[in-house]
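Take the sequences, apply the hints, and build the full model.
Residue numbers (this note's numbering), protein chains in the order written: chain A, 2 to 113; chain B, 44 to 155.
Keep in mind the hints are simulated off the structure, nothing from the lab.
C-beta: ideal position from N, C-alpha, C; glycine also.
Mixed in with the good hints, there may be bad ones.
[Unchecked claim] Incomplete in silico selection of chain A near chain B, CB under 10 Å:
id, residue
1, Tyr36
2, Gly43
3, Lys72
[Said to hold, decoys possible] Have a look at the derived ranges for each label pair, beta carbon to beta carbon:
id, chain 1, residue 1, chain 2, residue 2, range
4, A, Gly64, B, Lys101, 36 to 44 Å
5, B, Pro125, A, Ser74, 33 to 41 Å
6, A, Glu63, B, Asp122, 38 to 46 Å
7, B, Ala139, A, Thr87, 32 to 40 Å
8, A, Lys84, B, Gly103, 40 to 48 Å
9, A, Ala82, B, Asp122, 19 to 27 Å
10, A, Ser68, B, Ile55, 42 to 50 Å
[Claimed, not checked] Below 25 Å or equal to it, Euclidean Cα-Cα: the simulated DSS-like pairs (lysine-lysine) are:
id, chain 1, residue 1, chain 2, residue 2
11, B, Lys142, A, Lys72
12, A, Lys10, B, Lys85
13, A, Lys72, B, Lys85
14, A, Lys58, B, Lys142
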Amino acid sequence: DGGITQSPKYLFRKEGQNVTLSCEQNLNHDAMYWYRQDPGQGLRLIYYSQIVNDFQKGDIAEGYSVSREKKESFPLTVTSAQKNPTAFYLCATQGSGANVLTFGAGSRLTVL
Amino acid sequence: QQQVKQSPQSLIVQKGGISIINCAYENTAFDYFPWYQQFPGKGPALLIAIRPDVSEKKEGRFTISFNKSAKQFSLHIMDSQPGDSATYFCAALSGATNKLIFGTGTLLAVQP
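This is the structure:
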């Protein structure tokens, strides 16, 4: 929403498969974030990137990978090593010097 | 020390009533406290925010009360409406790290 496009909105995956969630932004924001949302657990930070070609692990990075080759894009790969990947994934951006995050509409991943 | 504790987990309020959601934190380095509103299937959106040098901030029917000495802040929704039914997250940001720490969320249902 508001300049952040997450795709796909819904994704089904078989166990053992890697999947990549896309996050594209046209807000010219420097920082981008990936959060995972589970019922009753709030928003947990997976990875974040404050500049191109650099990213940092968040609180629950195991089983996930990211890249930041372009300012506009911050894809998240959910690997087969992630033991419980079924969740709602949210991408967010933050402008330079700004306090607030702007969120995308999310991607819901279901592992069958 | 990085946690933000939010309560209650869920809340049911009658139309026209006051909804109150509470949050508490430990880290005195936090210097910005936003509240986010999330509707089902959507990403969170910034609702209202406060800095610790202010004890109260009001925007329409939404008010943040902030108690710096107790390290607590709360969201009050006056004249609650069914359209306010959503999940609300409090958050805290440290200017030093520029990372937002989220509470676990409160699911609000306003009954007509």
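Comparing the hints with the structure gives:
1. Hint status for Tyr36/A: holds, given a least beta-carbon distance of 8 Å to chain B, under 10 Å.
2. For Gly43/A, the shortest C-beta to C-beta distance to chain B is roughly 4 Å, which falls under 10 Å, so the interface hint holds.
3. Among the interface hints, the one on Lys72/A is violated; its C-beta lies about 17 Å from the nearest C-beta in chain B, farther than the 10 Å criterion.
4. Roughly 43 Å separates the CB atoms of Gly64/A and Lys101/B, a value that falls within the hinted 36 to 44 Å.
5. The given range of 33 to 41 Å is respected by Pro125/B and Ser74/A, whose C-beta atoms sit roughly 38 Å from each other.
6. Glu63/A and Asp122/B have their C-beta atoms about 45 Å apart, which keeps the hinted 38 to 46 Å range intact.
7. For the pair Ala139/B and Thr87/A, the supplied restraint of 32 to 40 Å holds, since their beta-carbon distance comes to about 35 Å.
8. The hinted window of 40 to 48 Å between Lys84/A and Gly103/B holds, with their beta carbons roughly 43 Å apart.
9. Between Ala82/A and Asp122/B the CB atoms are about 49 Å apart, so this pair departs from the stated range of 19 to 27 Å.
10. Evaluation of the 42 to 50 Å hint for Ser68/A and Ile55/B yields a pass: the beta carbon distance comes to about 44 Å.
11. About 19 Å separates the Cα atoms of Lys142/B and Lys72/A, which keeps this hinted pair within 25 Å; it holds.
12. As the CA atoms of Lys10/A and Lys85/B are separated by approximately 10 Å, the hinted pair is consistent with the 25 Å bound.
13. Restraint check for Lys72/A and Lys85/B: the C-alpha separation of about 24 Å stays at or below 25 Å, so the hint holds.
14. Taking the CA atoms of Lys58/A and Lys142/B, the gap is near 12 Å; set against the 25 Å cutoff, the hint holds.
Hint compliance for this structure: hints 3, 9 are broken, all remaining hints hold.
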